[in-house]
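> Letter by letter, the chains look like this.
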Amino acid sequence: MNKKIISFQNKIFFSLLILFCSDFYFCQEYLKEQFSLAQNLYNREKYFDAVTELKRLQFFDREGIYDFESNKLIAECYKAGGKYSEAIRFFSYAEIYAENFDDLFDIKIEIVRANILRRTASNAIKLLNEMEKEDRWSDKINEINYWRGWAYIFEDKWDIAAFEFAKISPYHELKTLCEETHQKKYSLTFAQVASAILPGTGQFYTGNYLSGLLSLAWCGLWGYTAIDAFVEDRIFDGLAVTNLLFFRFYRGNLQNAARFVREENIRIANESLHYLQHNYKGPRP
Amino acid sequence: MKKYFFFLLLFTSVNAQKLNNLHSPENIKLFADHLFSEKDFLRAALEYEKLPEDDSINFKIALSYQAIEKYDAALDRFAKINYESNLYHISQHQYFKTLLLSEQHDVLQRKIIISENTDYQKYLYISYLFTSDKLPGKDEFLKSFPSNEKVELSFFYEKKKNPPYKSSLTAGLLSALIPGSGKIYTGRIGDGITSFITVSLLSFLSYNNFTNDHDFRGWLFAGLGFFFYAGNIYGSAVSAEIYNSQVDYQFQKKLKEYLEQKNYFISE
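The listed protein sequences correspond, in order, to chains F and X.
Adding 5 to a residue's 1-based position in the first sequence gives its number in the numbering used here.
Adding 5 to a residue's 1-based position in the second sequence gives its number in the numbering used here.
Hints may be right or wrong, so weigh each one.
Derived lysine to aspartate or glutamate pairs resembling DMTMM-like cross-links, with alpha carbons at most 20 Å apart [what the hints assert, rightly or not]:
{"#": "1", "chain 1": "X", "residue 1": "K34", "chain 2": "F", "residue 2": "D54"}
{"#": "2", "chain 1": "X", "residue 1": "K55", "chain 2": "F", "residue 2": "D54"}
{"#": "3", "chain 1": "F", "residue 1": "K60", "chain 2": "X", "residue 2": "D38"}
{"#": "4", "chain 1": "X", "residue 1": "K85", "chain 2": "X", "residue 2": "D60"}
Worth flagging that the hints you see were computed from the coordinates, not collected in a lab.
Since we're looking at a predicted model, the values are computed, not measured.
Construct the entire structure; sequences and hints are all you get.
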């Protein structure tokens, strides 16, 4: 009798154990399959579907086994789809679930990269500066400088970017590129001051010779006419020509000089960015 | 013992299937409800669409599409809800709300006019506030709405009935009499003063040059003065039109905000 009771109790215990283990095992398997499905969709660039499957995984993953991976992959989907704010939001969730320093560092860098692409490079620089101050990232200082350099590139501060890359190596490829870009760029202040002293000079400086000549000619003509009127005591005519004609062309000349500098600088920066996008082999945001 | 193991294995596998198949209809429904509550409406709609159609599913799909402004899809789904369903009445309210949101006022008016249900009359009257259709009497208009909303609705009714428009003709005539006054009448005080100064200055310069026998300059300033004077009259008339468009825009904006706040008088 006693033996039978033990046997019955054993069966109950054994059954519960099997049920518990099978539930746990099958649950793990299904979640793993679900994550693989999402990864597969991500690899096939079906980002919307990948996010749906990852959200499904998060909903059914009651234990939070895939919290880090799913949030990270959702963020990568959004990043690939150009939704950088959403990407940063999900990278931040993943940051909460990072289990070790390497994962945490990688996620922080991902947030920096998404910020660079979102053109909020100042946020990226702030984050990198905070990371630099922390001792735990002291062995990753080169990586921090590298991404800070990229952030400054997107801030259009090529000289500071070159300085950041130089901290990694004085011969760093990006240091050279940034220095060259900075040297090629035109000075806005010089162009405006030059055009203020002699109309058209700023345009000559940026290579727009015809516009420079026209500015010089118009300002010369109306300047001469105005002075001539004042010399002959035709004060009203002098004031009218000065205000309505000379100042109009003089101001236009200054604005033109500034516009050409901006246009040329954008072209130079775009050339460098184009090179970085298509020819640079290292990691990019 | 063999029987025991057989049943244990069977029960285990069935249990595992039931618990873990994330793409089973039950789990799709759970997940779709979760997405819906998270306001991820597009994904929610796509998940609900995987389920066999019933009134509840159609209703949730319709609400999801309505939330993401896919009004035609929402209308299709609301229209599919069965007359005998518990959701029929609320879905009809949502249907008319969707027509209002999608600004299909003519369809809404046609449907309500042929409907015998007086419960939907309020949507007809709301649509009148958005269109140029003639409003009914004030008492008749307010009768369809809850009593605690009558003060605000009365305000909208009055604004629609007597909008604070400015007359283009008056603006033009005022500017013809005193340059710039038409623009001041339409609320553009800075523009009005500038116009007044410009026309006055050019007129004075013209007069001054004629009196000093500078005929060419006199005619030059007279021409310029006339150009600004005529432009000011035309500008004042246009300014009144712009003012009226702004009145309409502000009215519709406030009305939409109010209706949104009141959920178009649909009880949750």
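> Which of the stated hints cannot be reconciled with the structure, identified by number in ascending sequence?
Going through the list in order, the structure violates no hint and respects every one.
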